[in-house]
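S.K.: Here is what each chain is made of, one letter per residue.
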Amino acid sequence: MAKSQYPMAGGHRTPSVIPEERGDRRRRLGSGVVATVVVLAAFAVLQTLMALRVVNLYWQQVATLAGIMVISALGLNLVYGYTGQFSLGHAAFYGIGAYASALITRTLGGSVWTLLVGILAGTLLAGVVALAIGLPILRLRSDYLGIATLGFGIIMKVLFDNSDKVIPVLGGSAGMCGIPRLTTFMWVFVLATIAVVVLRNLVFSSVGRALVSVREDELAAEAVGVNTTKYKTMGFVVGCMYAGVAGALYAHLYAYLNPANFDFLKSIDVLLIVVLGGLGSISGTVVAAVAWTFLLEGLRVVLPAAVQDWRMVIYPLMLIVFMLVRPDGVFQGTEFGFLKPRLPGVK
Amino acid sequence: MAYFLQQLINGLQLGFVYALIALGYTMVYGIVRLINFAHGDIFMVGAYLGYFALSSRSLATVSDSMARSIVRLIPAAGTAGPVLALILAILLAMAGCALLGTVIERVAYKPLRNAPRISALITAMGVSLFLENFTNLKFVFGPTPRAFPRPFEISSFRLGGVEITSIQIIVFVVSIILMLALSLFVNRTKTGRAMRAVSMDKDTARLMGINVDTVISVTFGIGSALAGAGGVLFGIAYPQILPLMGIMPGLKAFVAAVLGGIGVIPGAMLGAVIMGVTETFTSAYVSSTLRDAVAFGILIIVLLVRPTGILGKPMRDKV
Chain A
10 MAKSQYPMAG GHRTPSVIPE ERGDRRRRLG SGVVATVVVL AAFAVLQTLM
60 ALRVVNLYWQ QVATLAGIMV ISALGLNLVY GYTGQFSLGH AAFYGIGAYA
110 SALITRTLGG SVWTLLVGIL AGTLLAGVVA LAIGLPILRL RSDYLGIATL
160 GFGIIMKVLF DNSDKVIPVL GGSAGMCGIP RLTTFMWVFV LATIAVVVLR
210 NLVFSSVGRA LVSVREDELA AEAVGVNTTK YKTMGFVVGC MYAGVAGALY
260 AHLYAYLNPA NFDFLKSIDV LLIVVLGGLG SISGTVVAAV AWTFLLEGLR
310 VVLPAAVQDW RMVIYPLMLI VFMLVRPDGV FQGTEFGFLK PRLPGVK
Chain B
6 MAYFLQQLIN GLQLGFVYAL IALGYTMVYG IVRLINFAHG DIFMVGAYLG
56 YFALSSRSLA TVSDSMARSI VRLIPAAGTA GPVLALILAI LLAMAGCALL
106 GTVIERVAYK PLRNAPRISA LITAMGVSLF LENFTNLKFV FGPTPRAFPR
156 PFEISSFRLG GVEITSIQII VFVVSIILML ALSLFVNRTK TGRAMRAVSM
206 DKDTARLMGI NVDTVISVTF GIGSALAGAG GVLFGIAYPQ ILPLMGIMPG
256 LKAFVAAVLG GIGVIPGAML GAVIMGVTET FTSAYVSSTL RDAVAFGILI
306 IVLLVRPTGI LGKPMRDKV
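So the protein sequences, as listed, match chains A and B. Numbers given in the working numbering equal positions in the first sequence, counted from 1, plus 9. Numbers given in the working numbering equal positions in the second sequence, counted from 1, plus 5.
None of these hints come from the bench; they were simulated from the model. C-beta atoms are modelled at their ideal positions from N, C-alpha and C, and glycine is treated no differently. Misleading hints may appear alongside valid ones.
To be verified - Distance ranges between label pairs, derived from CB positions:
1) Val207(A) - Met213(B): 17 to 27 Å
2) Ser161(B) - Val330(A): 46 to 56 Å
3) Leu140(A) - Arg38(B): 26 to 36 Å
4) Ile203(A) - Leu249(B): 49 to 59 Å
5) Lys174(A) - Ile306(B): 20 to 30 Å
6) Gly234(A) - Ile306(B): 27 to 37 Å
So here's chain A without its partners, still in its complex pose (with noise of 0.2 Å):
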């Protein structure tokens, strides 16, 4: 059998290429080219008026933060939203990231090259340790796999709470000072960019059908010859990796990490932002990674003096109110057009 009969089954003896019709080449690489030009221009537009001081020190700080944020929901819509394995541990691996490239940076001093040298050992370490935690655990089912995530994330917490007595340089819980400051926006725009491309080929990639049919049927997709155990460690390894991505670059952008940082209330702010934006949407999470970094602060720069306190009672109404209008996301699963890859079949 040269070709399967069901391209949306997944697994390595489907062909990924379908054959593609004519005029589709030319239209996919049409829609790549905009979307190139669309971010190389955002990109100026946001440089210049940074570099132009039109936007403040302040905003630019949060404009970083919720690119952060847009690299580490990624991630965990690639684990929940993609493959459908509920995970609530994702801080943990953030915090692993941020601590393994915080700790290089600041042993070998701080420059481009560290830094990358840093953001590649957070990501393999968060990585590595992803595939040790998720190889046992990842055969428990929905909640209970949350549970265990979320068990393994107050654990890490705990850990890093007593990591100084281990490594003294990492402070425990005092926190990490004298971390080098070498995030900039520039970076994260990069990187961020980087991580959409990679994501956005990797879901629409025979790869990515298969950890679909994971999370859509996991008995229905072990029956077609899906190798479920393979893909949902696949997905849980390459999500938990985008957290090391972003906790290297958070650890680089304010120069001081405390576990508290890294707790269980930062992990429902990244699963947020991924039901927020819509499960299995690439769209809705850059989008509402953004807007939700931007209410947070926005609200405290909008809200007069006096009801300050009530930013925090606003936004989980906000959050309520939401939900119950629009349970499914802003983006509901889909994707804006340029990201949509032009192939016959797949809509």
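Dock chain B against chain A, hints included.
M.R.: The following block gives chain B in isolation, referenced to the frame of chain A:
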């Protein structure tokens, strides 16, 4: 050995409080498959209601006069005023929390009954954050911790080298009474039977003429009432309360429910006792900074061996 037994009693005290919270989690999950993240905050509200009740002069007057009228029947009850005050405070907290839990269910969860499960979960987190941050406002409870009033002096009894305080006895007695009442309610009453039916199969239960919405409301009410009682007991036993106090006990109680087998009422009690004892033993023998890690480590190991918890029934995959 005495030290060991002493720690065991301390652990049981914590475990019983966790159990009261865990029961609400397990009942709600058993019926609507929702992790009600706001449950820990209902526990916190219960502690504050108990605080206000015990601080109020009128409650003390009422309970004193009640004690004096009981004296005519039981002469030994003459000094029972403070104990009556505590019982009244617990009942008030239970009533208040039951109301709060039902309102939350009606407003925030009921509209989402047919939505994806994750939206209800996110809403529950929203409710939890709202309760925490709203009560944190200065004109509500305020962010400063408050000392929980104790209506009577603590006395302690020695039992073969082990000291057991009156507070611990109260915690044990009250939680055992509540758990017995709950199991009688679930197993012996018509509503209890309806609850079990709905938890097995909501649609068939509806066909059998059960008002599913009422049953769900009752479940939220009872679960929240137990959490409220747990809040007052927690306040009496660990006398400092603040708006964020519900987060960790809430999480641990939930984990306890999963550990015992979520949806199974005896499982919640067993899991909670295991969590409480483990936590206390880790603090006593290893290090208090590691207690959360050990508790959650046990959870992960149990889940790997028995994915549906200790008393949970193994689930079969439906094809």
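S.K.: Hint compliance check: list the failing hint numbers for this structure, sorted ascending.
M.R.: 1 and 4
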